[in-house]
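Residue numbers (the numbering used here), protein chains in the order written: chain A, 1 to 493; chain B, 1 to 441.
Worth double-checking, as some hints may not be accurate.
To be verified - Derived DEER-like restraints, expressed as beta-carbon distance ranges:
(1) Met458(A) <-> Leu429(B): 25 to 35 Å
(2) Gly312(B) <-> Ala292(A): 22 to 32 Å
(3) Arg349(A) <-> Ala271(B): 22 to 32 Å
(4) Gly389(B) <-> Asn284(A): 58 to 68 Å
(5) Asn3(A) <-> Leu429(B): 39 to 49 Å
(6) Ala216(B) <-> Asn284(A): 47 to 57 Å
(7) Lys185(B) <-> Ala106(A): 30 to 40 Å
(8) Leu429(B) <-> Asp250(A): 40 to 50 Å
Said to hold, decoys possible - No more than 25 Å apart at the CA atoms, straight line, and that leaves these computed lysine-lysine pairs for DSS-like:
(9) Lys393(B) <-> Lys434(B)
(10) Lys133(A) <-> Lys150(B)
(11) Lys267(A) <-> Lys150(B)
(12) Lys110(B) <-> Lys387(B)
(13) Lys160(A) <-> Lys268(A)
(14) Lys185(B) <-> Lys469(A)
(15) Lys160(A) <-> Lys135(A)
(16) Lys362(A) <-> Lys185(B)
These aren't lab readings, by the way, just hints derived from the structure by calculation. As the structure is a computational prediction, the values presented were derived from the model and not from experiment. Cβ coordinates follow ideal geometry from the N, Cα and C atoms, glycine included.
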Amino acid sequence: MLNPLPVERWDDRAAAHLLNRAAFGATPEEIAVTKAKGLAGAVLDLVEPRVSALPFDPPDWAHPRDLRSLRQEARMAKQNGDTTKIREVRKTEADEILDLRRWWMARMATTAAPLLEKMTLFWHGHFATSVEKVKDGYWMWLQNETIRRHALANFAALTKEMSRDPAMMIYLDLPQSRREHPNENWARELMELFTVGLGNYTEQDVRESARAFTGYRLDLVTQRFWFAPNQYDAGPKTFLGRTGNFNGDDIIHFLTKQPACAQFLAKKLCRFFIEEEPSPSLINAVAERLRAHDLEIKPVLREIFSSAEFYSDRVMRAQIKSPTQFIIQSCKLLSCDLPGPRVAQNAMRQMGQILFAPPNVKGWDGGKSWISTSTLLFRNNFANYLINGDAILPPAMKRQGADVGFRGAARAAFVDEIRRNPIDVNRLVSADVRNNAQRLIANLSKRVLQSDPPSDDMAAFTNFLAARKDDSSDATVRGLLHLMMSTPLYQLT
Amino acid sequence: MSNTLHTRRKFLRTSMLGAAASWTLPVFLEKTFFALDALAADAMTQATSGRDDTILVVLQLAGGNDGLNSVVPFVDDAYHRVRPKLALPPDKILKLDSEIGLNPRLTGLKSLYDSGQLAIVQGVGYPNPNRSHFRSAEIWQTASDADRVKNEGWLGRYFDNCCRGAEPTVGVAISEQSPQAFSAKIPTGVTFSHPEQFRWKASMGADGKPLSEEEAFYRQLIGGAEEKPSLAADGNSISSLPGKFHNDATTEDFLRRTALDAQLSSDKILAIARKYKSNVPYPQTPLGASLNLIGRMIAGGLATRVYYASQGGFDTHAGQIGSHDRLMAVVNQAIAAFVADLKQQGNFERVLLMTFSEFGRRVAENANNGTDHGTAAPMFLLGGRVKPGLFGKQPSLTDLDNGDLKFNIDFRSVYASVLDNWLGAPSQLVLGRKFSTLPIV
């Protein structure tokens with residue numbers, strides 16, 4: 001079982017940790033507010049956000065369209081060599097997914113219900129689906145909303161929704177599954193990656209359950225799921241040792257009742273929220289709570305965020321920030337705007353996490369796999385761009401957006417978007433703090449690292465300010481910020 | 001520099017195993033342990049001196065290269081029958097034998113073939129082929145079966161299994177984004193498209209110039225300024241090593257080591273890029289620039305076993321005649337310049353360049369003068385020590401699988417040949433099982 005955190009251990013550091021992991025980080029002011037709520041109050045505000053915090057308008061293009069006609073038109077255009085029309089179709093696809101990424105990141109950055117977004121991100125990695133195959137922005141948005149609606153609710157219900165989710169269906173070839181030729185892709189991943197994990201089912205179970213998911217279809221005119229009884233194999237199936245005329249929902253019901261399912265999900269939750277290599281006893285404790293709550297997510301998260309395990313010294317400040325966390329949290333800490341959508345998309349690509357385009361159905365590995373020499377240098381240099389604006393970029397990039405994968409009008413838009421002013425240092429530190437090296441370091445360190453720096457880092461910061469000869473100009477403060485954001489510690493959350 | 005890198009590598013090797021040793025072995029046994037470790041480590045770790053090891057250059061032709069119009073079965077009636085618009089005229093083909101020839105634009109490859117420095121493996125594919133770019137590219141990059149998803153790339157598994165403690169530049173991708181083939185448990189390999197981008201940049205001063213002080217203290221921060229020759233070889237325990245980092249026991253140590261790796265690699269790459277310029281003219285294309293950069297890195301002796309470059313645009317669904325020929329010319333010119341450069345450097349014997357694409361294209365042309373996604377296709381392997389000739393069989397153009405060629409050589413056999421016989425790495429360990437090898441290197 002999970003041990004509750006003793007009340008006296010609820011302090012600034014714990015509050016900062018909660019907001020780092022269950023949200024996307026926070027400023028010193030926000031941390032102080034959260035700390036004042038007390039542990040129970042702070043956790044409650046995260047798991048039960050006020051209803052008024054929820055509404056967030058969908059992107060204006062996010063509605064169903066008659067895809068059949070649109071795709072027919074596109075085919076005609078190809079046949080007729082109508083390059084203008086072909087380009088227009090491609091551009092719409094690219095523009096929508098770009099806008100969807102902007103929309104979600106803005107939501108993560110500004111929402112009053114950050115845990116909901118954090119969990120939506122968790123499920124996006126769990127039920128990984130890529131626009132590279134789905135090729136429709138509306139369906140990707142719809143999946144994102146469906147996930148959000150169930151993100152803190154029941155896992156079995158969410159899994160059933162995913163089996164009818166158009167983007168997921170396309171991603172795992174479910175609409176092609178016919179009674180005579182059941183496609184096993186969805187059935188296999190449902191077991192291997194979504195519910196119980198390898199070793200808890202047989203190849204026979206894969207084949208039999210694939211039959212249960214036949215008849216799942218998509219209507220291209222309404223862009224909705226429908227069920228085709230004449231394509232459904234209603235015959236008896238033997239699954240996990242039982243025999244009956246099971247349908248898809250029955251299969252999901254059986255799987256989510258397996259003890260292995262809670263175990264599997266517990267490990268992923270531990271890795272996402274607590275630590276990269278959770279101990280078996282921690283996984284068991286979380287799995288036990290998941291079973292006790294019948295796979296309801298909200299009460300389990302509430303217990304995790306109230307536990308001593310979550311706030312242990314080994315866990316705090318020991319998780320590598322995902323690229324999403326890196327960008328959102330950096331902008332929060334610097335009190336600056338998110339970069340433009342093309343700039344952000346490009347940065348995410350170079351850091352290895354493109355939202356709505358996970359590398360494969362396994363999602364992102366996370367942890368140490370985020371960090372290579374290239375991505376680490378990129379993170380440091382991107383922090384520099386956020387702090388100092390486009391002044392640090394090579395002139396060629398500013399002029400023509402060289403080597404960023406955009407062409408034509410998109411390239412021009414990128415070049416325009418990449419313009420950025422340096423941050424306003426006065427919004428972060430007052431004049432009297434600036435003029436005192438020790439106070440300046442303490443103040444910015446608390447903001448950027450949510451703690452005092454380790455002694456070695458402290459020495460580097462102090463020596464840097466000394467080498468600047470007591471110059472407390474904006475440039476020096478920005479340099480110090482960049483130095484802090486280049487520390488290994490800054491990569492951790 | 002090289003001395004620092006050398007001691008660093010040795011240090012990492014010992015510290016990696018030493019981390020486990022420090023709590024599994026009593027302190028007095030550590031010396032023995034290090035002695036044993038040094039032997040074991042040398043067997044596991046691939047040499048990466050950058051001066052005399054073999055080098056693999058992987059060239060991805062992204063989008064699905066039309067194999068039939070690259071290596072052409074020009075006498076086959078079926079070829080002309082199903083491709084009335086796209087079939088290349090037999091008199092223009094660069095003939096390799098009485099039945100098979102190269103696309104007319106592949107003149108450089110033809111001369112390599114004639115001089116015995118080009119191997120062509122025909123009909124390469126895999127069972128149950130997937131026709132999605134995304135998925136089929138992933139299958140090639142991870143060397144997985146068609147119905148299995150793997151996260152680590154095949155080169156990543158080579159780095160993980162065979163290059164522990166090697167310098168991070170053991171793999172270099174000239175790209176904005178690391179190729180999936182490089183994905184590894186412990187990310188290794190560096191990715192950049194311009195050397196000037198692969199460096200830590202300081203903040204800006206009021207004068208619009210970088211703050212020089214910042215870089216000095218950044219180096220202090222990550223430990224690069226302090227690194228002294230390691231004492232591990234003298235038998236001192238890990239905890240008495242100089243510098244800040246002891247092992248990768250904590251994530252912060254791992255980050256500090258990666259930052260130091262990045263700094264050392266960046267310094268070295270920039271130094272080479274500034275010092276070595278090619279005397280051979282390269283074409284003014286992105287691929288030309290990539291191979292030029294690789295040529296300079298090889299000339300400068302960067303400690304690298306695998307380079308990776310890519311050329312896109314092969315998804316020729318419509319209007320293929322002009323576009324595919326142009327792509328063939330782009331590839332041909334860049335490779336020809338690269339080969340000339342390597343020959344001039346005296347490094348051609350050490351280099352093997354291998355091309356791959358996620359699939360070939362449909363045998364029959366479509367209504368838009370193009371071709372749709374297909375299956376099997378040829379791979380090119382070239383270099384000073386390649387065993388030349390045509391390998392495998394040209395698949396039949398009439399005995400088809402849903403309109404597509406049937407493969408006769410699994411691409412993992414080609415990978416296995418390269419791993420076993422060129423990189424000297426155990427292919428079974430890297431690919432997960434044994435694939436038969438071909439006598440191509």
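Inset, instruction - Hints the structure violates: just list their numbers, smallest first. - result: Structure breaks hints 1, 2, 14.
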